[in-house]
Amino acid sequence: MKKTVLIVYSIIFLTGLAQVKAQNMENNSELKGYKVGDVAADFKLKNVDQKTVSLSDYAAAKGFIVVFTCNHCPYAKAYESRIIALDKKYASKGYPVIAINPNDPIVVPADNFEAMQVRAKEKGFTFPYLFDDGQKVYPQYGATKTPHVFLLNKENGKNIVRYIGAIDDNYADANDVSNKYVEAAVDALLANQPIAQASTVAIGCSIKAQKN
Amino acid sequence: MTLLTLNGSAQNAEKKEPATVGTIKHDYSVKIVRFADLEAVMKKNDDKLYVVNFWATWCRPCVMELPEFMEVNNAYRNNPRFKMILVSLDVAKEAETTVRAFLEKRKMDVDVYLLDDNKRMNEWIPAIDKNWSGAIPATVFYRNGEKVEFIENQIQKSELEQIINKYL
Numbered sequence: 032m033k034k035t036v037l038i039v040y041s042i043i044f045l046t047g048l049a050q051v052k053a054q055n056m057e058n059n060s061e062l063k064g065y066k067v068g069d070v071a072a073d074f075k076l077k078n079v080d081q082k083t084v085s086l087s088d089y090a091a092a093k094g095f096i097v098v099f100t101c102n103h104c105p106y107a108k109a110y111e112s113r114i115i116a117l118d119k120k121y122a123s124k125g126y127p128v129i130a131i132n133p134n135d136p137i138v139v140p141a142d143n144f145e146a147m148q149v150r151a152k153e154k155g156f157t158f159p160y161l162f163d164d165g166q167k168v169y170p171q172y173g174a175t176k177t178p179h180v181f182l183l184n185k186e187n188g189k190n191i192v193r194y195i196g197a198i199d200d201n202y203a204d205a206n207d208v209s210n211k212y213v214e215a216a217v218d219a220l221l222a223n224q225p226i227a228q229a230s231t232v233a234i235g236c237s238i239k240a241q242k243n
Numbered sequence: 117m118t119l120l121t122l123n124g125s126a127q128n129a130e131k132k133e134p135a136t137v138g139t140i141k142h143d144y145s146v147k148i149v150r151f152a153d154l155e156a157v158m159k160k161n162d163d164k165l166y167v168v169n170f171w172a173t174w175c176r177p178c179v180m181e182l183p184e185f186m187e188v189n190n191a192y193r194n195n196p197r198f199k200m201i202l203v204s205l206d207v208a209k210e211a212e213t214t215v216r217a218f219l220e221k222r223k224m225d226v227d228v229y230l231l232d233d234n235k236r237m238n239e240w241i242p243a244i245d246k247n248w249s250g251a252i253p254a255t256v257f258y259r260n261g262e263k264v265e266f267i268e269n270q271i272q273k274s275e276l277e278q279i280i281n282k283y284l
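Residue numbers (my numbering), protein chains in the order written: chain A, 32 to 243; chain B, 117 to 284.
Using 30 Å as the maximum straight-line C-alpha spacing, the simulated DSSO-like pairs for lysine-lysine come out as follows:
1) A/K211 <-> B/K209
2) A/K66 <-> B/K263
3) B/K263 <-> A/K242
4) B/K246 <-> A/K66
5) B/K221 <-> A/K108
6) B/K235 <-> A/K211
7) A/K124 <-> B/K235
8) A/K239 <-> B/K221
9) B/K235 <-> A/K108
10) A/K239 <-> B/K235
11) B/K209 <-> B/K160
12) B/K246 <-> A/K167
13) B/K246 <-> A/K108
14) B/K235 <-> A/K120
15) B/K235 <-> A/K154
16) B/K282 <-> A/K63
17) B/K273 <-> A/K242
18) B/K246 <-> A/K189
19) A/K242 <-> B/K282
20) B/K164 <-> B/K273
21) B/K221 <-> A/K242
22) B/K246 <-> A/K63
23) A/K239 <-> B/K223
24) A/K211 <-> B/K246
25) A/K108 <-> B/K209
26) B/K147 <-> A/K108
27) B/K273 <-> A/K239
28) B/K263 <-> A/K63
29) B/K209 <-> A/K239
30) A/K119 <-> B/K235
31) A/K242 <-> B/K223
32) B/K246 <-> A/K242
Calculated directly from the structure, the hints in this document are not laboratory data.
Source: prediction; values computed, not measured.
Only chain A is shown next, with the shape it has when bound in the complex (with noise of 0.2 Å):
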C-alpha cells in the first residue's frame, strides 16, 4: 500500500516537473524572437520628429527592411551610410527601411532621444529612426545586437519576417562587399524568387539593457 502511494506522489510530482519545463521551453521559444517564416508584430514607435510610426501607416508598402540600430555601436556607424542606400534604393520599390533604436538610454546616453535627433539630422536620415521606449519591441522581434535587419513582407495583409541578420558581409570596407544579403534578399521577393539566403550572423553590438 505505501509503495503504491509513494508511485502515485511520484507520478504527480513528476507530471508537475514536466508540465513546468514545457512552460519554461515554451517562455525561452517567447524569448528567442522570430524566425523566417513568422509573422511579425506591428508596433507604435516615436520617430526622431517625435511622431508616431507604426507599419499600418504604410498602406501602399510590400514590406518592410527594419533595422535595429544605434547611434553608439561602431558596427552600426559603420553601416549608416549603407542603411541610407538600402532606403533609397528600396523605398521607391515598396520596401521601404524602418530603424529602430533598442538600447536603454540610462545605460548608454549617446543612445538617447535627442541623440537620435541630432545623428538622424547629421546623416540626412531618409527613414524614420524610432526609439523602442520600454524596450517592448526589439526582445519580440528577438534583436540580439545592432545592426540587426528583420526584412518583413507583406503576404495576405501580414508581415511575413523572410530574412534575418546582417546587412553584407564586411562591415568594415563598404567598397570590399561580396555578398550584399539585405539586397539579394529583397531583390528575391521583388522578382518573385525564394530568397537563397534567409539568414546570416555577424558580430554586433549587444543590445543595453538594464539587468534586473
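Given the coordinates of chain A, work out where chain B should sit on it, guided by the hints.
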C-alpha cells in the same frame, strides 16, 4: 627616422623586445589571425580547458567583464590544464595601436589574438556555436577540441569560476 612615424613604429612594434616588469614579461602583443589559425590554438588535444573570450575595445559590456576575467586568469594561470585566450574583434589596423594600448594600460597579461576574418563571419560564428547571433561578449570553452560550454552574454566571476571548476 622612419621609426618615429606612427606607421613605422606600428610596423616595427613586433620586433621590439618585450618590456620586462619584475620577473614577468609583459609584451602586450596582439597576434592577428584568421579563423583557421584561431581554431588551431583553441582546439588543441592537450587536456587543457581553453577559455576563449570574444571582445572588442569598443564593446562596453566586454570591457566591464574583463577585470574579472583577468582575476580568474591570474588565479588559474599556473594550472597546466587551464588556458585563457582573448579574441579581439577590433579592426586589424588597430591591433598595435588601440588594442595594444588598451592591454598595456590595464596591464593585461594574457594571450590576445585579433580575429581578422570579417568577410567570413557568417561561417565562423556558426562554427563556434550555431545559436550565436554574433553579439559580444561571448565566451566559449573547449577541451580536447570539443566545445563544452558557450555563453553569449556577460559572465559574472562566480559563474566563470563555476564553469572552470566543473571542467578542471
